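Undergrad: The lines below spell out each chain.
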Amino acid sequence: MQKLIRWPGLIAFFVVTGLIAAILIVFLDFWIKLAAIKSLESTTGAEVNIAQVSHTFSPFGVSLTGVQLTDPATPSQNQVQADEITAQIELTPLLLRKVIIDDLTVSGVQFAQLRESEGAVYRTAKAAIKEELQQAFDPKNLPSVDEILAKSPLKTTKAVEETQAAYKKHSEILKQKYAELPSKDALENYKKRVEAITNMDYKNPLELAKAKEEFDALRAEIKADKAKITEFKDAASDAKNDMAPRLAELKAAPGDDYAQLQGLIAGDEGAIKDVTTMVFGEKAGEFSQYVLSAYDLAAPMLAKSKEEQAEEEAYNGRWVAFDDTAALPDFLVRNADVSVTWRNESVLSVWHDITNEHEKIGRPTIFKVDSSASSLWQSLKLNGDFWLNDAGVKANQDWNLRGLALSDVSLLNQEKLSSTLLKGLLSSSGRASIDKNVISGTGNAALSQLDLSATGSNNLTNVIAETLSGLSNLTINTDIGGILGDMDLSFSSDLDKQLAKVMLNNLTGDQSSKLSELKHKLNAKIEGPLGATDSEMSQWLDWEKLADGDLSSMQSMLDSKLNSVVDKKKEELTDKLKDKLKGKLFN
Amino acid sequence: MQLLAKLLKALNSDDSPWQLAFGVMLGMIMGLTPFLGLHSIIILFIVLFLRVNLSTFLLAYALFSGLTLMLNPMMASIGESLLTSANLTSMWTSLYNSTFGQLTQFYHTLTLGSLLFSLILAPFILIISKILVVQYRVRFMQWVNKLKLVQFLKSSRIYQIYQTLGE
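Here the protein sequences line up with chains D and G, keeping their order.
Residue numbers for the first sequence follow my numbering, so the first one is 1 and each next one is one higher.
Residue numbers for the second sequence follow my numbering, so the first one is 1 and each next one is one higher.
Do not take every clue at face value.
To be verified - Using 20 Å as the maximum straight-line C-alpha spacing, the simulated SDA-like pairs for lysine to any residue come out as follows: (1) 98(D) - 348(D); (2) 3(D) - 45(G); (3) 98(D) - 80(G); (4) 98(D) - 43(G); (5) 98(D) - 36(G); (6) 3(D) - 51(G); (7) 98(D) - 46(G); (8) 98(D) - 105(G); (9) 98(D) - 103(G); (10) 3(D) - 44(G); (11) 3(D) - 46(G); (12) 98(D) - 17(G); (13) 98(D) - 97(G); (14) 98(D) - 34(G); (15) 98(D) - 93(G); (16) 3(D) - 80(G); (17) 3(D) - 34(G); (18) 360(D) - 84(G); (19) 98(D) - 101(G); (20) 3(D) - 43(G).
Source of the hints: derived by calculation from the structure; they are not laboratory data.
If you're wondering where the values come from, they're calculated on a predicted model, not measured in any experiment.
Work out the full structure: start from the sequences and follow the hints.
TA: Listed below in structure tokens is the structure:
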């Protein structure tokens, strides 16, 4: 027996197992930190920092302090950061690797905050709107009239093309049908033949019957030719009806195009069109980010597809439960209080049932913000829910913000145009929904009691700056689109129209001559087709008149009756018969 | 180099072929199954408390751990089919409700599958290892010891340390 046992080995066993247990327990905070960072980085695609992690065994809980998630689109900023996250985790499901959090508290959540140092990005992000549109303010980029005409989808070009195509179609049909019409000689011949038959004095019934047969054949010939003339007339009428509105459209098209394109000459229409986005987009986008930040929470939950999960389970195995915990999802936060800090004001949001397996719990995740008057706003209400399944996300959200006081908000700070909102009141309401990861929704932001300061550095931006400075109210409409994780916001307001008008009233000499050139070139585009079509149309009208004449003459030929001759002969024969009878009776 | 030195030392030692073979077998079980679990503690206890050859245990552990890259999906599917079998549900449920059952982590597909797979393989590995060790000692030991590489290894510092530890 002694040969089999190694007594020092027993000591070694306790030392080794004790050491492993000690390493696991002593460095538990470190393992949790590593696991949390790895998991968050794989979902956000950018550096994640956690300053400190601590845990308690009874009740089992974890606390993360100083959590920062780098924004992959702007690595110098955090997409979101939190001062502290504490979670009370149920221990039994944890043995099955199911994270069931009874109470989660997230405090000091802030969005778009500057980082101490730029965070690493593992997945490339979309370029910022500002960079994409930065060149638009440069008046050097104003296109020439020819470039505008070449690039713009002109009504004139479309009308010319459509008119020419319609004209070609009708012209071919009419020419073909015109060629098939009976000649003048043929009509004259018909006339002579009809006269010959109808004017002849028939001596006996046989001759008359033969003449009738001949006349019927002639009538059939005339009828066939008449049908051809009728067809031509119908085709001419169709052509006229079709071409008339097209020609009217063609005549009006240069005027419409001119109205549309003059903005391009007056300034860069792209710049004018996007002034709302340029000036207010960044801040409005930032604000929308707050309002729609719930979806930022939902997006990472979808990061791991069912396929990926199945692949991982096939390699690493999975935990099978044989009790009530089987029905639990892998991750569930029953109740959560998330406190977002904005301008030293704390907004509390209450969440229930945060999970990525809603089908297992049979209800959606719901969240709610109901903040009464604060030093910054009169009221803020936000309600939403989301449900994740294999098809993606299904979610609804609405918000209503009243009287948010804004002051000293730098809207735009570029070389050519800078703008600051000195003070104003913002009210916003809207609704967004997600179906199968596709986001749709609308919102509006009404800015009132506005005091804006803006400065430009060239003709174009000076006009924009002047218009902005004069604004006292503005309503910005927001269209929410895109897909989850890549939300697309577009902004519009009547500011764009206001600017276009102002621009047209501030034209330089060069711009005025460009406008004249534009008008001239647009009119030139329709001159050729319009002239050619007009002359062809008058020819069609002439043909139609001729066909009208031929048609009435043919009709009169068809109307002439051989029957009258037959009737006359019948009467003559009747009279003769009567005379004969009278002679026999009275003699 | 270290692994080769360990193997040479073990093969050339006076340990019985069974000691070496048990080392290989237990190393195989430890290598194929997930590291954290009750089974690992039991194996570690057997290896350290009983006179199982540690060198062959560590070598087999390293070798079979590498093989899990290929074998894991197959072993996990064995566990999956057993744990989801309707006939066995009542047995798994009663085991699940016992402390011992919870500690074994049998309800993890890979743990159950790999443990079962390695236990089935164990007697074969044990016998084959024993035969190979005996055959090595009879046929190849002297020839191998004459190889320049082996002589170099034997003169190396690492081998000296193992030699000392073994005494």
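Undergrad: If a hint holds in the structure, say so; if it does not, say that too.
TA: Here's how the hints hold up against the structure:
no., hint, in the structure
1, 98(D) - 348(D), "27 Å, violated"
2, 3(D) - 45(G), "16 Å, holds"
3, 98(D) - 80(G), "18 Å, holds"
4, 98(D) - 43(G), "28 Å, violated"
5, 98(D) - 36(G), "17 Å, holds"
6, 3(D) - 51(G), "8 Å, holds"
7, 98(D) - 46(G), "32 Å, violated"
8, 98(D) - 105(G), "14 Å, holds"
9, 98(D) - 103(G), "17 Å, holds"
10, 3(D) - 44(G), "19 Å, holds"
11, 3(D) - 46(G), "14 Å, holds"
12, 98(D) - 17(G), "46 Å, violated"
13, 98(D) - 97(G), "17 Å, holds"
14, 98(D) - 34(G), "19 Å, holds"
15, 98(D) - 93(G), "18 Å, holds"
16, 3(D) - 80(G), "41 Å, violated"
17, 3(D) - 34(G), "31 Å, violated"
18, 360(D) - 84(G), "19 Å, holds"
19, 98(D) - 101(G), "18 Å, holds"
20, 3(D) - 43(G), "19 Å, holds"
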